[in-house]
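*Asks:* Chain by chain, the residues run as shown.
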Amino acid sequence: MSYKKFFPYFKNSDMTYLDSGATTQKLQTVIDSELEYYSHYCANTHRSNFGDANKATINYEESRKYLQKFINAKDSSEIIFTKGVTESINFIASSFAKNFKTVIISSLEHHSNIVPWHMQGRSLGDGLEVVGYKDNFAFDYEEFEKILVKNPNSFVSVTHISNAFGTINDIKKICEIAHKYDSYVLIDGAQSLVHKKIDIQDINCDFFAISGHKTFAPTGVGAIYIKQELLEKIDPYQTGGATIKTVTYNESVLLDSPYKFEAGTQNIAGVIGFKKALEFIDSIGYEEIELREYKLYEYLQNELKKIEEVVFYNTTKDSISNKSFNVEGLIHDDVGILLDKQKIAIRVGHHCAMPIMDHLQIKGTIRVSLAFYNDFDDIDKFIIALKRAIKMLKD
Amino acid sequence: MANIKEAIENIKDDLEFFDDELDKYEFIIDLGKKLKPFNEKDQKDEYLVQGCTSQVWLVPTIKDDVLYLSGTSDAIIVKGLVHIILEIFNEKTLEEIQEFDINILSELGLAEIITPNRQSGVQGMIKKIIEVSKNGNI
Chain A
1 MSYKKFFPYF KNSDMTYLDS GATTQKLQTV IDSELEYYSH YCANTHRSNF GDANKATINY
61 EESRKYLQKF INAKDSSEII FTKGVTESIN FIASSFAKNF KTVIISSLEH HSNIVPWHMQ
121 GRSLGDGLEV VGYKDNFAFD YEEFEKILVK NPNSFVSVTH ISNAFGTIND IKKICEIAHK
181 YDSYVLIDGA QSLVHKKIDI QDINCDFFAI SGHKTFAPTG VGAIYIKQEL LEKIDPYQTG
241 GATIKTVTYN ESVLLDSPYK FEAGTQNIAG VIGFKKALEF IDSIGYEEIE LREYKLYEYL
301 QNELKKIEEV VFYNTTKDSI SNKSFNVEGL IHDDVGILLD KQKIAIRVGH HCAMPIMDHL
361 QIKGTIRVSL AFYNDFDDID KFIIALKRAI KMLKD
Chain B
1 MANIKEAIEN IKDDLEFFDD ELDKYEFIID LGKKLKPFNE KDQKDEYLVQ GCTSQVWLVP
61 TIKDDVLYLS GTSDAIIVKG LVHIILEIFN EKTLEEIQEF DINILSELGL AEIITPNRQS
121 GVQGMIKKII EVSKNGNI
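From first to last, the protein sequence lines stand for chains A and B.
Numbered per this note's numbering, the first sequence spans residues 1 to 395.
Numbered per this note's numbering, the second sequence spans residues 1 to 138.
Some hints here could point you the wrong way.
What the hints assert, rightly or not - Here are the simulated PhoX-like pairs of lysine-lysine, each with C-alpha atoms no more than 20 Å apart in a straight line:
#1 A:Lys343 - B:Lys33
#2 B:Lys24 - A:Lys387
#3 A:Lys341 - B:Lys12
#4 A:Lys341 - B:Lys24
No wet-lab data here; the hints were simulated from the structure.
Computed from a predicted model, the values in this text were never measured in an experiment.
Given these sequences and hints, build the entire structure.
*Replies:* Below, the structure is given as structure tokens:
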């Protein structure tokens, strides 16, 4: 079955879209729901009490409940909407995590989970520890535990799936190990909700950062899951309208979560649209999504392997959807330009993960990132275009 | 020698000759091959233009209010784009460059020159040329 028919982009663009790791295409139902909000009941939420405002508030809160159930969180108060993963991490970094002596990250983080820690004055060995990797970019659990032995009561912030290489970390295991050493764990789920079923209670993380726009929803919407027990301990990192019970000139008394964390007017249309994206995933099921993506991913790897100049950095084992590679003797920018001219949308560069690129002594890679709406034909077109680009650049 | 506007027109004519985008880029690759040899000693940080990933080196010198440029890149297509930029700005008076409306470059229709995607370093190169011409020194 082709799922492209549910995404208008594929009707309107002649590009072969293989850049879903940067942002996914948007569902017609998502776009329709945004349009409906703006054209039929556009009003602010949680403030005014007239009909359209109430409808907007109800739909906004329905999205929260849907996301709560979607990731199997205990309570809807654990779901705080943000503008995306970057804001989610910055929020927790600058409120709850800032007072921890040590923050532990992995080698495969993207800049959103590196720069906020540097902004707190942390550097490697001085408030920031980085867990290395073993073969095939596998998270080094032994090293992780050693770091925790030396630094109990730390804040751990680790990606679920690497944006550059698709490596999947065993986040349940990471949480288990971290909790043994009284540490808290934030999982960066930017690349994962679109590919894998998330069961928050099973993972048992303390925080989970979610991206809407990488999950078929509008840009500018995301969420942070915060474990119920921690909600009282966390201060908002921004305050303002709709976050308070009472305000006098002497003091402000904040509401409970999630409202105390959602200051100012939110991306109402985006949040409402997000629910439509989750409903669509539910209608297909993660089993079908994972199976389809796995077949595509294997096919991509096998087709790339047939091109002798292609240099890989990892296998398909314990990874998903994001395939990074280079072409021997060529700079990825050149390949990217010629793929673009052949209507192939991929990303070239460091993928906002410069430290790992430095470590591999490369400036960047060519990254193909798949979503379940892609098909074998997309990969065939890409391979033909890649071969032509290589020929043009090497001749 | 053609002035800046004429140089742009000439390049535009060359590029418009190709109906197929890939043929156009084949032409740009060939331009890169024709780029005047760049002194390897000048491939140093001092002359590196800020770009995102591919590297561009640009050595500007000023003599009698005329800007002389040499440059190169480690990327093949970018090298062709460097050729185009040098064709436009090399050996032009500082005054002519200062008066140049940068928006005219969009007429070339080359996304790598006009898109602020921080990718190719070509934009940084143009910025540097304008800066040097305004300051009157390197």
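*Asks:* A separate judgement is required for each hint: does it hold in the structure or not?
*Replies:* Structure-based check of all given hints:
1. A:Lys343 - B:Lys33: violated (25 Å)
2. B:Lys24 - A:Lys387: Given that 20 Å is the threshold and the Cα spacing comes to 18 Å, the pair holds.
3. A:Lys341 - B:Lys12: Holds, at roughly 18 Å.
4. A:Lys341 - B:Lys24: holds (10 Å)
The structure fails to meet hint 1 from the earlier list, while all remaining hints are met.
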